[in-house]
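**Q** Letter by letter, the chains look like this.
There are 4 protein chains.
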Amino acid sequence: MPIDTADLPEPEELPDDPEDLPPENLNPGWLSQDELAFVRSRLPIVYVEAVPVRVDGLGQVTEVGLLLRGTPEGEMTRALVAGRVRYGESLRDALFRHLETDLGPMAFPQIPASPVPAQVAEYFPMPGMSPYNDERQHAVSLVYVVPVTGSCSPRQDALEVSWMPPADALAPGTLAELAGGRGRLLRQALSTVGC
Amino acid sequence: MPIDTADLPEPEELPDDPEDLPPENLNPGWLSQDELAFVRSRLPIVYVEAVPVRVDGLGQVTEVGLLLRGTPEGEMTRALVAGRVRYGESLRDALFRHLETDLGPMAFPQIPASPVPAQVAEYFPMPGMSPYNDERQHAVSLVYVVPVTGSCSPRQDALEVSWMPPADALAPGTLAELAGGRGRLLRQALSTVGC
Amino acid sequence: MPIDTADLPEPEELPDDPEDLPPENLNPGWLSQDELAFVRSRLPIVYVEAVPVRVDGLGQVTEVGLLLRGTPEGEMTRALVAGRVRYGESLRDALFRHLETDLGPMAFPQIPASPVPAQVAEYFPMPGMSPYNDERQHAVSLVYVVPVTGSCSPRQDALEVSWMPPADALAPGTLAELAGGRGRLLRQALSTVGC
Amino acid sequence: MPIDTADLPEPEELPDDPEDLPPENLNPGWLSQDELAFVRSRLPIVYVEAVPVRVDGLGQVTEVGLLLRGTPEGEMTRALVAGRVRYGESLRDALFRHLETDLGPMAFPQIPASPVPAQVAEYFPMPGMSPYNDERQHAVSLVYVVPVTGSCSPRQDALEVSWMPPADALAPGTLAELAGGRGRLLRQALSTVGC
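Residue numbers (our numbering), protein chains in the order written: chain U, 1 to 195; chain L, 1 to 195; chain V, 1 to 195; chain E, 1 to 195.
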């Protein structure tokens with residue numbers, strides 16, 4: 001199965017015209033395809049992931065947002081907001097950047113005041129080392145539950161953000177639609193907010 | 001010293017005209033003075049406490065709010081938002097009620113999505129059992145860091161809410177102005193948000 | 001069914017010969033049946049609950065312990081270690097006391113260094129206020145995951161401590177055997193340890 | 001001062017006879033000096049840090065362990081247990097490996113059951129981006145409080161593990177002896193265990 005990860009592709013991975021790439025020499029956090037392939041085979045990569053939620057006036061989670069997108073094979077899969085942390089970028093900046101990329105500029109996420117994540121997920125390319133799997137890399141992912149207060153309009157390649165009550169997000173059928181073990185991760189993240 | 005607690009008096013403790021008291025038979029959570037004295041000598045009492053903070057667009061704490069009020073002796077002391085949880089009242093409701101009482105109705109607090117507190121403080125009337133002391137009672141207090149987004153206008157008996165950068169709130173001089181060990185508690189609560 | 005709670009009865013609730021009761025005047029934390037009935041109708045009661053686990057040398061949970069006991073109706077139900085915190089008793093002391101009562105004196109529990117619980121559960125006697133229900137009282141319960149290193153021999157009225165892999169403890173059938181919403185609570189507590 | 005970090009040098013950084021190096025082709029997690037220099041300039045590096053503590057029978061922290069070592073300049077500095085997570089290595093394995101390296105094989109650390117760290121520290125080589133600074137790299141460090149139950153005998157280049165009561169570890173003079181902002185980090189980590 002060529003698509004084993006639930007997060008959206010990052011710009012570095014898109015088959016782009018090199019002219020469209022940001023000037024690499026300006027930002028050491030940008031990696032060429034070769035460099036990315038090298039580091040992915042030698043080092044754990046730092047990721048952030050976010051479970052977008054809506055809360056009521058007392059902070060209680062009322063809805064959970066899941067990204068829905070089509071794979072190149074035409075399958076629909078669900079995904080969390082997720083992406084790499086760049087060199088020189090803070091976790092908060094990375095979280096905000098990926099939320100904006102995946103939910104649009106009007107989502108108005110409330111990044112948690114605490115840097116301690118709701119859960120830590122370790123993705124390995126080799127099966128069996130952990131409940132979480134990512135063919136591309138060994139990633140250490142800090143997972144946050146993030147209330148969003150605005151309206152979400154995902155960029156084109158995510159077809160939809162679907163909102164559902166926590167009980168629906170926790171239904172076995174929904175959890176199974178998240179790839180790479182992220183159903184379990186979603187369940188763990190929602191547990192921290194009492195769901 | 002007759003005032004050993006930093007939280008503001010609750011309505012039950014005020015020397016009130018009984019006519020002003022809410023109808024007790026309507027809400028079993030209201031206790032008469034005698035009842036309160038009895039339960040305080042026999043049971044740990046559930047409290048919530050809140051450290052109000054202001055955060056920037058990335059969730060980073062920029063300011064910490066502390067209540068400043070005069071004691072009957074004319075001393076100024078600093079306090080956290082704090083109060084008892086009533087029978088039949090959820091922790092979220094109690095947190096919201098005490099935030100509204102102490103910060104006014106326009107504070108717009110963002111109650112955290114997680115019910116797990118930043119810290120748990122155990123107050124004992126007997127000295128030496130814990131770093132936290134409350135002459136009146138044995139209290140188990142769940143402490144939350146709560147971002148507020150509106151404007152704060154405390155009720156009359158709290159003279160002021162003063163806002164200060166986290167480094168000032170953590171200065172030994174400030175921490176020492178919180179009674180009953182709450183300086184230590186403030187330090188612990190702010191630690192959870194990276195301060 | 002008159003017994004809807006999963007925790008084991010506390011000594012105060014047992015239909016005992018009064019001579020067997022501890023001398024109440026020596027410990028204000030002891031309550032007579034009448035006093036307990038009064039406070040349970042007027043105040044939230046502080047509880048601690050524990051999920052006993054076994055861990056490997058790297059701290060990974062390998063087994064989860066659940067109490068199995070018969071109700072007066074002859075039904076078998078599963079329960080967590082649980083009980084009330086007494087006046088003047090620290091949370092750690094209460095946790096240790098209830099672990100010893102339910103698992104025996106040779107369980108050697110490792111009480112967590114952090115007083116912050118894995119989860120907070122609010123039990124209400126009125127249905128619908130929370131996922132957790134306790135006919136007897138409004139209880140605020142601090143829930144901990146506690147590794148035990150010794151051997152467990154529960155007191156007589158708990159027929160058994162059964163140990164199972166985390167996946168079995170999380171199976172819907174097992175979770176449904178915990179009363180009062182504690183299946184959900186067990187799932188949340190195990191989520192914090194990556195299960 | 002060329003050495004501004006409190007963690008002990010890793011084997012990769014030691015000026016070694018190449019013969020002494022582990023066979024790099026057997027473990028992709030090993031990096032040559034050039035490779036390490038490259039990745040450190042392009043990616044955040046995953047670290048684990050540990051605050052070793054001793055606890056009493058109720059889990060209360062009684063002592064805090066700090067590494068004491070001499071710099072090449074002859075200064076004494078205090079340090080936490082710290083080190084890089086290798087490719088393909090779990091956080092638990094990395095934590096155990098660094099604890100064993102720094103505290104010896106008889107320390108018998110109790111790695112926490114929860115993978116969620118007590119705190120997350122972001123080290124940047126550029127000053128001002130964070131309270132934590134590491135000249136060598138951008139590191140994202142997951143910090144745990146780890147009870148140890150055995151006896152500690154650090155390897156040669158750490159002269160001593162010194163144990164002290166939590167109040168002494170939190171004294172401003174002690175915190176100031178930890179480089180790169182780790183005094184603040186120690187304070188935050190100890191806050192999570194009620195100190």
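These are computed hints drawn from the structure, not numbers from a lab. No residue lacks a Cβ here, since even glycine has one placed at the ideal position from N, Cα and C. Hints are not guaranteed to be accurate.
[What the hints assert, rightly or not] Covered, in the sense of this in silico footprint (three residues per stretch, anywhere, with C-beta under 8 Å from a C-beta of chain E), are these stretches of chain V:
{"#": "1", "region": "73-84"}
{"#": "2", "region": "111-125"}
{"#": "3", "region": "184-194"}
[Claimed, not checked] Just the calculated beta-carbon pair ranges, DEER-fashion:
{"#": "4", "chain 1": "L", "residue 1": "Pro-127", "chain 2": "E", "residue 2": "Ser-162", "range": "46 to 56 Å"}
{"#": "5", "chain 1": "L", "residue 1": "Leu-58", "chain 2": "U", "residue 2": "Ser-41", "range": "43 to 53 Å"}
{"#": "6", "chain 1": "E", "residue 1": "Thr-62", "chain 2": "L", "residue 2": "Glu-135", "range": "23 to 33 Å"}
{"#": "7", "chain 1": "E", "residue 1": "Gly-173", "chain 2": "L", "residue 2": "Gly-70", "range": "34 to 44 Å"}
**Q** A separate judgement is required for each hint: does it hold in the structure or not?
**A** Taking the hints in turn, this is what the structure says about them:
Counting residues of the region 73-84 of chain V whose CB lies closer than 8 Å to any CB of chain E gives 0, which falls below the minimum of 3, so the coverage claim is violated. With 7 residues having a beta carbon nearer than 8 Å to a beta carbon of chain E, the region 111-125 of chain V meets the requirement of three or more and the stated coverage holds. Here the region 184-194 of chain V counts 3 residues with a CB under 8 Å from a CB of chain E, which clears the bar of 3, and the coverage holds. Checked against the hint of 46 to 56 Å, the pair L/Pro-127 and E/Ser-162 fails, with Cβ atoms roughly 30 Å apart.
The hinted window of 43 to 53 Å between L/Leu-58 and U/Ser-41 is violated, with their beta carbons roughly 32 Å apart. With their beta carbons about 28 Å apart, E/Thr-62 and L/Glu-135 fall inside the hinted range of 23 to 33 Å. Separation of E/Gly-173 from L/Gly-70 is about 35 Å and conforms to the stated range, judged on CB atoms against 34 to 44 Å.
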